[in-house]
Amino acid sequence: MSAILQILFDALSLGSLYALGALGIALIFGVMRLVNFAHGDVIAFSIFALLWPSTDAVAVIFAGNLPWFLLVPFVLVMGAGLSVLAEITVFRRFRKASPATMMIASFALGFVIRYFLLMLFSSRPKSISLLPALSQPVEILGARIPLLQVITIAVTVAILFGLTSFLKRTRFGLEMRAAAENFTMARVLGVRANRVIMGAFALSGALAAAIGLILGSQTGTADIQMGANVMLMAFIATVIGGLGSLPGAVIAGFLLGAASVVMQVTLPIDARPFRDAFVYGAVILVLIFRPQGLLAARGTKERV
Amino acid sequence: MSARTSVARRTLATPLILSALLIVFALLAWFVGSKPFNQTIIDIFLRVILVVGLYIFVGNSGVISFGHAGFTCLGAYAAAWLTMPPMMKQTLLPGLPEWLTALQLPYWAGAGLAALWAAVWAALFGKILMRLSGIAASIATFAMLAMINTIYSNWEDVTGATSSVVGIPIVRTVWPYLIAAILAVFIAWAHAISRAGLALRAARDEPTAASASGIDLPRERLIAFVVSGAVMGMGGALFAHSIGVVTPDTFYLGLTFITLSMLVVGGMGSLSGAVIGVLFLSVLIQALRWLEAGVTIGASKFALPNGVQEIALGVVMILILARRPSGLMGNKELGWRRAGSVAPDVSGQKQPDLSKGVSK
Amino acid sequence: MSLLKLADVTIRYGRLTAVRSVSLSLAEGEILFITGPNGAGKSSLLRAIAGVTPPAGGRIDFADHDVTGRAPEDIARLGLSMVPEGRDVFGSLTIEENLLVGTGMHAGERGWRARAASALEEVYATFPILKDRRNAQAGLLSGGQQQMLVIGRALMTNPRLIAIDEPSLGLAPNITDQVYERLIALRRQRALTLLIVEQSSTRAMMVGGRMILMRGGQVMMDGDASAMGQSEAMQDAYFGYGEH
Chain A
0 MSAILQILFD ALSLGSLYAL GALGIALIFG VMRLVNFAHG DVIAFSIFAL LWPSTDAVAV
60 IFAGNLPWFL LVPFVLVMGA GLSVLAEITV FRRFRKASPA TMMIASFALG FVIRYFLLML
120 FSSRPKSISL LPALSQPVEI LGARIPLLQV ITIAVTVAIL FGLTSFLKRT RFGLEMRAAA
180 ENFTMARVLG VRANRVIMGA FALSGALAAA IGLILGSQTG TADIQMGANV MLMAFIATVI
240 GGLGSLPGAV IAGFLLGAAS VVMQVTLPID ARPFRDAFVY GAVILVLIFR PQGLLAARGT
300 KERV
Chain B
0 MSARTSVARR TLATPLILSA LLIVFALLAW FVGSKPFNQT IIDIFLRVIL VVGLYIFVGN
60 SGVISFGHAG FTCLGAYAAA WLTMPPMMKQ TLLPGLPEWL TALQLPYWAG AGLAALWAAV
120 WAALFGKILM RLSGIAASIA TFAMLAMINT IYSNWEDVTG ATSSVVGIPI VRTVWPYLIA
180 AILAVFIAWA HAISRAGLAL RAARDEPTAA SASGIDLPRE RLIAFVVSGA VMGMGGALFA
240 HSIGVVTPDT FYLGLTFITL SMLVVGGMGS LSGAVIGVLF LSVLIQALRW LEAGVTIGAS
300 KFALPNGVQE IALGVVMILI LARRPSGLMG NKELGWRRAG SVAPDVSGQK QPDLSKGVSK
Chain C
0 MSLLKLADVT IRYGRLTAVR SVSLSLAEGE ILFITGPNGA GKSSLLRAIA GVTPPAGGRI
60 DFADHDVTGR APEDIARLGL SMVPEGRDVF GSLTIEENLL VGTGMHAGER GWRARAASAL
120 EEVYATFPIL KDRRNAQAGL LSGGQQQMLV IGRALMTNPR LIAIDEPSLG LAPNITDQVY
180 ERLIALRRQR ALTLLIVEQS STRAMMVGGR MILMRGGQVM MDGDASAMGQ SEAMQDAYFG
240 YGEH
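Protein chains in written order, with numbering that gives the first Met the number 0: chain A, 0 to 303; chain B, 0 to 359; chain C, 0 to 243.
Derived from the structure by calculation, the hints contain no laboratory data. Wrong hints could be hidden among the right ones.
[To be verified] With a Cα cut of at most 20 angstroms, we get these calculated EDC-like pairs of lysine to aspartate or glutamate: (1) C/4 / C/65; (2) A/95 / C/120; (3) A/95 / C/7; (4) A/167 / C/65; (5) A/95 / B/204; (6) A/167 / C/96; (7) C/4 / C/72; (8) C/130 / C/108; (9) C/130 / C/120; (10) C/130 / C/96; (11) C/4 / C/95; (12) C/4 / C/60.
Input sequences plus hints: build the corresponding full structure.
Next comes the structure, spelled out in structure tokens:
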């Protein structure tokens with residue numbers, strides 16, 4: 000029982016990371032058909048914003064000493080700010096470019112962010128102690144679950160609820176959903192393109208920062224590569240979920256997390272190191288049978 | 000067949016001009032005669048092979064592939080298996096079958112077999128993947144790359160996992176790389192004017208018309224995928240011989256993105272774009288490296304801090320793409336005459352604006 | 000005083016010229032049909048007016064503003080509402096949400112909420128079927144219902160001019176009749192200006208008003224719809240093989 004509970008929590012917390020990442024990518028894809036490869040670097044950036052530039056192995060804390068109720072908003076604002084800045088300085092120039100061109104531009108931007116961090120902080124991972132209170136375990140039904148896992152899941156659920164009600168209940172949310180489905184038509188109805196796109200970038204950046212916070216607390220290190228792995232899985236989740244579909248992205252993120260954890264447990268010992276290869280193989284299979292994604296955005300395809 | 004030969008004659012200028020350009024670079028290395036510069040030119044030729052290999056699939060099909068670095072990985076490790084001294088293989092890669100451990104081929108034979116090995120895998124993967132289009136296809140190629148990388152990073156006995164495989168014979172002269180780069184250019188050209196290449200480009204530009212005229216798209220894509228996989232495999236083998244060491248992560252995301260960037264910056268719709276993109280960005284990278292190492296101006300030494308090279312490269316890429324979204328070559332080919340083009344009907348990449356839906 | 004004025008408008012897609020040097024003006028409260036065969040440039044003209052495809056040359060004035068090359072949202076905010084061909088409903092949004100998207104441009108104005116609510120009631124009164132299904136996903140509506148939805152959605156923005164592309168496309172004749180009945184009634188109630196693109200001229204002749212006939216990207220005729228119906232030039236424009 001406790002073993003199963005442990006697996007469940009592992010799957011949910013890993014899935015949470017992937018889901019938040021996929022959501023950040025899907026939000027931007029929805030409004031401007033951009034597959035944003037800089038997303039992973041926004042994750043790293045928001046954590047490094049807590050540190051003072053130095054190339055030493057020991058992190059020099061800057062904003063990291065803030066109490067948590069200031070630290071968390073600070074990191075979120077850094078993520079959102081960088082993301083909006085990227086929109087204004089770079090992506091605005093690519094509104095009419097082909098998806099391939101935009102994708103490469105986003106990669107180039109990620110490259111710039113990564114090496115900017117490298118220049119200031121060197122490539123060595125730095126140990127940080129972020130929200131240390133979260134690392135002790137709690138007992139749930141006889142299983143010892145790290146408090147951080149519980150919080151990760153709770154926070155993700157809270158974010159998902161918050162975002163859903165924002166999208167469903169507010170005027171801005173309505174405009175974003177309309178723009179995500181048919182951007183030109185939304186504009187013809189007076190929806191301001193720049194505002195919606197900037198809103199999507201801000202949300203996406205804040206989501207990236209939230210991932211950064213979780214990863215930073217989990218691993219206790221700040222590493223300029225820290226966002227890369229989550230971004231890859233998130234990217235895949237976005238496609239499996241049906242590009243542009245936000246609920247699809249979230250569900251696919253959790254599915255990928257679950258698949259990874261379940262394979263880790265069920266594969267024979269010899270095959271375990273190859274776990275990710277099986278996950279990627281499963282992804283290819285899903286795409287073959289449902290190229291439009293498991294949950295293709297409803298309504299967009301059904302035209303009479 | 001006469002129509003084909005006339006197409007060949009009309010478009011032959013492109014590979015010839017590109018080859019001449021490459022030969023100029025090789026002669027430059029010959030005259031300068033410095034070792035590091037020689038290595039720089041070798042790196043450029045390797046990138047030409049890889050980017051041209053990528054172009055064969057991406058350029059002709061219009062489907063972005065993130066997976067081609069995987070074929071480079073396959074090729075590089077195949078070269079290691081085929082050309083390393085048996086003694087080293089026994090210690091580093093004890094899981095290899097005996098006949099393979101005992102085998103030691105010259106590098107060129109190894110490269111040929113490596114290309115074949117990559118092509119076989121391209122055919123196997125392609126058989127499944129080529130049924131997909133658009134972003135789903137791109138993601139699937141990505142998953143393929145991640146699969147290959149995961150396997151090569153963990154198969155201790157056969158690939159040495161993440162540790163470096165050393166002892167691959169190093170080839171230091173420029174010429175084999177030059178010949179391979181020219182070979183890649185001609186393979187790409189021959190594919191582009193073949194029935195499969197023409198059909199594929201037609202389908203890229205006019206998907207509806209192409210399917211109506213009975214083009215078997217998955218088949219034409221598969222052909223391009225296999226040919227480009229073979230070229231990537233050959234590139235991987237030579238890559239291994241240029242530095243003598245391979246690790247799986249050499250052939251992962253970094254390489255994927257640098258090759259894709261060069262292709263897109265040059266213009267992914269044309270062979271000339273592929274080659275020009277490599278030459279342009281390589282020269283830029285080299286110039287920035289020199290600045291990073293330090294330039295003496297008068298009495299003071301001026302050097303850029305580390306990391307500026309990559310940052311500048313990223314900024315330049317963004318600026319070029321913002322100015323010329325279809326790349327430096329704008330999908331045109333170099334030719335004797337102004338409009339000389341491998342594909343006269345390729346008037347430009349489709350640029351879908353934001354008016355999806357309304358334009359239906 | 001004209002509400003909409005086009006001077007020498009030319010529209011190109013790459014090397015293809017869709018509309019060449021078209022000039023026309025439309026007075027407040029007028030109803031204008033643009034007809035012509037497939038590929039005449041009618042839809043392109045509409046898209047240029049709405050700011051979706053900026054014209055390659057010429058000038059467009061709407062409500063005393065030069066709107067040439069302006070963003071679609073800016074033109075919409077001046078009071079022009081376009082209903083594109085193919086009924087672009089937001090399929091994943093509910094009907095009510097579809098209707099509300101366009102009211103956002105008045106957000107911040109005094110009393111906009113109340114006005115939006117009453118506009119909603121008005122649209123529901125005009126198209127009762129939409130009220131019945133207000134919480135259904137718009138993608139699930141039938142073609143005729145979607146057509147009503149997009150017209151209702153355009154009305155919600157409280158426009159001075161509605162430009163509609165092919166309102167009868169894909170609709171059964173009796174439903175087309177209904178849609179037109181509503182449009183004409185609305186025009187009377189609100190002093191709305193209407194610009195309607197239709198491939199066939201029969202509807203224009205039935206409804207009456209002014210009609211422009213386009214062919215090959217140019218205006219061939221401009222006049223009273225019922226009078227033009229009889230003319231031989233009209234037949235030529237559709238079926239003739241004149242200069243190109």
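How the hints compare with the structure:
1. C/4 / C/65: Within the cut-off at roughly 9 angstroms; holds.
2. A/95 / C/120: Given that 20 angstroms is the threshold and the Cα spacing comes to 38 angstroms, the pair is violated.
3. A/95 / C/7: violated (26 angstroms)
4. A/167 / C/65: With a Cα-Cα distance of about 36 angstroms, the restraint between residue 167 of chain A and residue 65 of chain C is violated, given a limit of 20 angstroms.
5. A/95 / B/204: holds (18 angstroms)
6. A/167 / C/96: holds (9 angstroms)
7. C/4 / C/72: Given that 20 angstroms is the threshold and the Cα spacing comes to 19 angstroms, the pair holds.
8. C/130 / C/108: violated (26 angstroms)
9. C/130 / C/120: Measuring from Cα to Cα gives roughly 9 angstroms; hence the hint holds.
10. C/130 / C/96: holds (12 angstroms)
11. C/4 / C/95: The hint is violated at about 33 angstroms.
12. C/4 / C/60: holds (5 angstroms)
Hint compliance for this structure: hints 2, 3, 4, 8 and 11 are not met, and every other hint is.
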